[in-house]
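**Student:** Chain by chain, the residues run as shown.
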Amino acid sequence: MTAIYKRELRSYFITPIGYIFAGMFLAVSGLLFSWLVLSADNSGAYSYAKISNYFVYLLFVFSVLIPLLTMKLLSEEKKQKTEQLLLTSPVSLTGVVIAKYLAALTIFAATLLINSLNYILLYIYGNPNAAVILSNILGLFLIGASFIAIGLFLSSVTENQLIAAVSSIAVIVALLLISLLADTIEKEFFRVILKWFSVIDRYAPFTLGYFDIPAIIYFVSFTAVFLFLTVRVYEKRRWS
Amino acid sequence: MVEISHLSKNYGDKKAVNDISFSVEEGEIMGFLGPNGAGKSTTLNILTGFLSATSGSAKIDGIDILEQPLEAKRLIGFLPEIPPLYPDMTVAEYMNFCYELKGCKLPRKQHLHEIGEVVKIADVNKRLIKNLSKGYRQRVGIAQALIGNPKVLIFDEPTIGLDPKQIIEIRNLIKHLGKNHTVILSTHILPEVQAVCDRIVIINKGRIVANEKTENLVNAVDGTRRLVAKIVGPEEQVLQLLRSTQGVKFADKLGRRDTDSVSYLIESQENVDIRKPLFYALARASYPLIGLEGDELNLEDIFMRLVDPQKKEKTEKRRRNASQAPEAGKRSGEKQ
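Those protein sequence lines, which keep their order, are chains A and F. Numbered per numbering that gives the first Met the number 0, the first sequence spans residues 0 to 239. Numbered per numbering that gives the first Met the number 0, the second sequence spans residues 0 to 335.
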């Protein structure tokens with residue numbers, strides 16, 4: 000399992016994908032950050048709101064960048080026929096899937112951590128609420144972790160990287176937009192269900208500096224479900 | 000060492016493998032032979048745990064691949080039809096990756112070095128796999144299977160796409176490995192199994208049609224032996240004499256004629272050596288025998304008969320025609 004994890008991590012930096020992901024993430028988030036900070040005025044409450052906006056914008060950046068990380072994880076193994084090596088080695092199927100997942104998660108978490116250096120600047124010029132920043136970082140991490148699980152799952156059902164990437168972007172954008180859609184729906188019943196699935200609604204407490212336990216459980220189980228489904232895809236292929 | 004019993008695999012309605020059973024003894028090199036699409040790869044993929052069987056079981060050294068997959072997989076080195084290589088890794092990186100992947104406990108440097116020596120890839124250690132020639136890739140694939148010194152080695156068409164020199168090298172390598180390992184070698188190239196294997200299992204349309212020691216297989220299918228004799232003398236009389244000789248089942252002129260001799264195709268009855276009676280009969284009649292060649296059935300014939308019994312007669316006829324008129328025979332052979 001560690002062998003797969005290490006190989007995957009390494010391959011992010013042999014191919015340009017790791018650099019593209021980290022570079023684009025930091026560049027776009029840096030741009031958004033400076034734009035929002037510069038355009039913020041001095042009235043305290045308002046600038047918090049701005050920072051929260053920044054975090055929501057980042058989610059849309061994720062929708063494009065995270066599929067970059069996940070698109071080739073399993074699809075390429077299938078295309079190169081190397082999955083035969085992995086699946087006939089003394090490693091469990093769950094082990095393979097988790098190793099792949101952790102590799103993508105590591106790159107994502109490392110980039111997110113580097114990105115967090117931005118917030119230090121805020122302390123030079125003001126006195127931001129540390130809880131807001133920390134909870135936002137945690138929220139972003141959890142959302143990213145669930146998006147990676149979606150991407151990994153979609154990568155397991157195709158052997159074409161492009162299809163994996165495009166379908167991941169579509170699913171993630173759909174998840175982000177659900178809350179906008181939900182607001183316009185009249186029927187209470189559908190609205191509640193859509194709200195329940197809405198990532199942004201789940202994320203909202205984090206933007207206010209609130210460590211929302213149910214939301215944490217929601218994202219962790221969201222991730223677990225998609226990892227489980229990925230394992231099932233392989234199980235099913237083995238038996239059919 | 001390897002035991003497959005009543006194994007079946009369905010892909011939807013299609014039965015890729017249909018109730019096959021065979022076993023491979025320790026230290027044996029088994030040839031797994033069949034036309035393309037016969038179910039060879041499916042069987043091997045089940046045996047290595049890549050696929051699951053619809054019914055039946057596969058055991059490696061008594062360990063069921065389905066019940067204890069990790070333990071069973073540890074005993075197997077597998078080279079799939081397409082070697083599972085990562086093009087963006089160097090050979091050394093790849094070998095180290097496989098070493099870790101398989102959780103190998105042998106001393107790493109020494110073990111990998113030994114494998115490199117055996118399969119002769121030491122000189123490409125630092126090169127990227129995507130830049131290697133097909134022969135080298137195949138060898139890296141074999142090297143990967145050897146990591147951890149597994150008891151059972153399974154090679155799925157290891158010589159496909161190689162040039163004749165590489166084919167011979169790989170065959171010799173497999174023969175060499177067979178001394179210390181149990182080997183299953185799948186192929187559709189007949190001389191390959193003849194050259195390498197102790198035993199042959201032939202599969203066709205998902206069923207086993209033969210499971211014999213290599214040397215027995217010829218006799219098992221057809222005990223008759225064929226001879227091609229060059230005899231000097233009047234054709235009709237010689238032919239009559241040949242037909243009346245004891246033990247001869249069939250004799251006929253072949254088209255080939257030299258200045259003074261004519262070639263004849265002679266088939267003996269089962270398990271009878273007719274060479275001596277033939278010689279004396281011809282000597283008594285003073286028709287000099289100036290050439291005698293064995294025209295034994297080779298695996299190709301056996302194979303054709305086993306996988307398609309209806310064709311047996313056709314093949315038979317074709318052989319005779321081919322012998323009589325080599326050029327015409329070739330043409331008719333092409334048609335079929």
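Read the hints as simulated data drawn from the structure, not as lab findings. Just so we're clear, the structure is a prediction, and the values are computed from it rather than from any experiment. It is possible that some hints are incorrect.
Simulated DEER-style distance windows between Cβ atoms [stated by the list, open to error]: (1) F:Pro-163 to A:Leu-112: 25 to 35 Å; (2) F:Glu-66 to A:Ala-109: 38 to 48 Å; (3) A:Leu-112 to F:Lys-108: 33 to 43 Å; (4) A:Val-172 to F:Asp-87: 44 to 54 Å; (5) F:Lys-133 to A:Lys-194: 56 to 66 Å; (6) F:Lys-119 to A:Lys-5: 19 to 29 Å.
Even for Gly, the Cβ is constructed at its ideal location relative to N, Cα and C.
**Student:** Hint by hint, note whether the structure agrees.
**Tutor:** Here's how the hints hold up against the structure:
With their beta carbons about 57 Å apart, Pro-163 of chain F and Leu-112 of chain A fall outside the hinted range of 25 to 35 Å. A C-beta distance of roughly 40 Å is found between Glu-66 of chain F and Ala-109 of chain A, which places it inside the suggested range of 38 to 48 Å. Taking the beta carbon of each, Leu-112 of chain A and Lys-108 of chain F are about 36 Å apart, inside 33 to 43 Å as hinted. Between Val-172 of chain A and Asp-87 of chain F the Cβ separation comes to about 31 Å, which falls outside the hinted range of 44 to 54 Å.
For the pair Lys-133 of chain F and Lys-194 of chain A, the supplied restraint of 56 to 66 Å holds, since their beta-carbon distance comes to about 57 Å. Between Lys-119 of chain F and Lys-5 of chain A the CB atoms are about 28 Å apart, so this pair conforms to the stated range of 19 to 29 Å.
Hints 1, 4 from the list above are not met by this structure, while the remaining hints are.
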